[in-house]
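Student: Residues per chain are reported as follows:
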Amino acid sequence: MRSSLAIETRNLGRVYKIRHGRKSEPKELVALKDVNLEVPRGEFFGLLGPNGAGKSTLIKILSTLLLPTSGVALVDGLDVTRDMVEIRRRISLVSGGENSGFGFLSVEENLWMFARFYGLDSRDARQRIHEMLEIVGLADRKHTRIGELSTGLRQKMTFVRGFIPDPNVIFLDEPTLGLDVAAARDIRAFVKDWIRRYPDRTILLTTHYMAEADELCDRLAIIDRGQVLACDTPANLKRSLQQDTIYLLRVAPPDSKPAPNGTLESVPGVRQVTVAAGDGYSELKLRLAGDDALGNVLSHVAAQGSTLLSLEKREPTLEDVFIHLVGRGLSEDAPPNGAQGSDE
Amino acid sequence: MNAEGRVYKATGIKLFWRMLLARAYPRFVSPIREKSWLFFETFLPLMATSAYVFVYKAVDAPPEFIGFVVIGGTMSAFWLNVLFGMAMQLYWDKEIGNLDAYILSPGPIMAILAGMALGGMVVAASRAVFVLVIASLAFQVTYTISSLPLLILVFLLTLLALYGMGMMFAAVYLAAGRDAWQINSLFQEPIYFISGFYFPVKTLGFWFAAAASIIPLTLGLDAMRQILFSGDPALGFLPVEVEILLLIVLSVVFLAVSQWALVTLERIGRRDGRIIERRR
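Those sequence lines, one after another, are chains A and B.
The working numbering applies: residue 1 is where the first sequence begins, and numbers increase by one.
The working numbering applies: residue 1001 is where the second sequence begins, and numbers increase by one.
Treat the hints with care, as some may be off.
Using 20 Å as the maximum straight-line C-alpha spacing, the simulated SDA-like pairs for lysine to any residue come out as follows [unchecked claim]: (1) B:Lys1014 / A:Arg123; (2) A:Lys313 / A:His324; (3) A:Lys23 / A:Arg10; (4) A:Lys17 / B:Lys1014; (5) A:Lys238 / A:Thr274; (6) A:Lys285 / A:Glu312; (7) A:Lys238 / A:Arg314; (8) B:Lys1035 / A:Glu148; (9) A:Lys17 / B:Arg1274; (10) A:Lys17 / B:Ala1175; (11) A:Lys192 / A:Glu131; (12) A:Lys27 / A:Ser3; (13) A:Lys23 / B:Ala1176; (14) B:Lys1014 / A:Asp124; (15) A:Lys17 / B:Gly1177; (16) B:Lys1014 / A:Glu86; (17) A:Lys313 / A:Lys192; (18) A:Lys17 / B:Arg1271.
Everything labelled a hint here was simulated from the structure, so no lab data went into it.
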């Protein structure tokens, strides 16, 4: 019987043994630890996490490029350890910034070659290539050598490549990385349309872009240091913060450090503070227990000799959820931790 | 498309064949798209061949030696193709991101290597013919072919064993990473000497020639020369029949080892997480 789950992991773990010299003792780096996920067929599932969180390790395990060191991972009901070949017939992987193909071959020739690697009939391959290129707006570049394409167009071609073998499950690893706004928008439109047209197919997306995850994903797992911290729909994740109030404050001057985290967090009613440096100001994002706490915050800022430039109340975003769970923003590096690590 | 509207995907031999032809395709079209090979892969080997011809002419060597050099120069196209188009190719493919696609395809990576080999053979053959025809005409080489079918058999077996070795090297170079460049340099020039590209390998002595026979071109060149210049069989290293037998053995061994090496490499790569990582 066909499993109702496209992806399932049970206590999945991956530890790398890294040597920093031929004679040195290998050091263990935990990339994934006890990851439990269930992704039903037809779902657009997202993995959100900072660099080093373990997203790529998870995708590599699910796409059979890497073996787990503990636990079980099933894709389309098949075990990634045992059923490697059969899984590969059913999946596809596209990574952002990928540069595959041969520069002297045209877009169509490259896509044809990759389609044949999956065993597609030549006529089917050409038909699908034509259809997909039409959808992403690359049909007029069909005969252009890919060495002559811009980065964005080449990435669109790579993206199309992933969909041509008609996969049951497709893994998109940062697919819009480095793309301009228009190209990224085209790609998002394409995947949304694809999963609408083929509701039994599944997409697993990793991304750094919160808005992209929010727009595309039915459900999201937030992952950090190899562990899943939360897994729910974007709306539910945001709702989990709705008892809190989010404020965005801009204060000057930035040098006086009006609200270093430790000090401002000690103000009654302040749950979390993140600070970002702007051009001549500091931007404070505050998660407060309620509106009542705002008065205390403003008094504190004034007492520190800072000037309030602007104040904005915001609905919780995925980024707020992320900061709440991970303790830092996506763009901030993880603090050093000898026992953790990843391949990313 | 099948009844469910899904794309039909071949399996087994059909998949292998489709992968093979797909990977051979870039090789087939590259000479048409990138014409720099005309200079580097035909004119330069022709120059090296000519230099040896003039040396032999200067010392009044037997006329067969001119033919030996021309055949050696002709076959050098295949040797260069095996080194740079086979052995190095998987490493290059890894660097540009193609290896991920090869590994993720449901077919065996041997099909990819077989495609590279087929494409490489065809392209190198066109270059070899160019060198052969120009050099033969320029230096008025006379061939006395004792058996055309035997010549074709030896030629094909030589290519099979040679490209089998190339497939094995491809797996080894992939494991070696950036050190592959050094290994390749190590192989390129010395093989011209130990395989007797420009002289009969027999002159190196039996044991040296026997050791050099691990390179299929040593036996292949020697057998082809014996068949092409049947006037003086005493210049041959081993009887042609023995050399054919050894070429068959080499073909089987190289292909089997390359298959084993690729499977092992993938297994270790999946275990250690280094299957497609670049520059680690």
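Student: Hint numbers the structure violates, sorted upward?
Tutor: The structure conflicts with hints 3, 4, 12 and 17, although it agrees with all the remaining ones.
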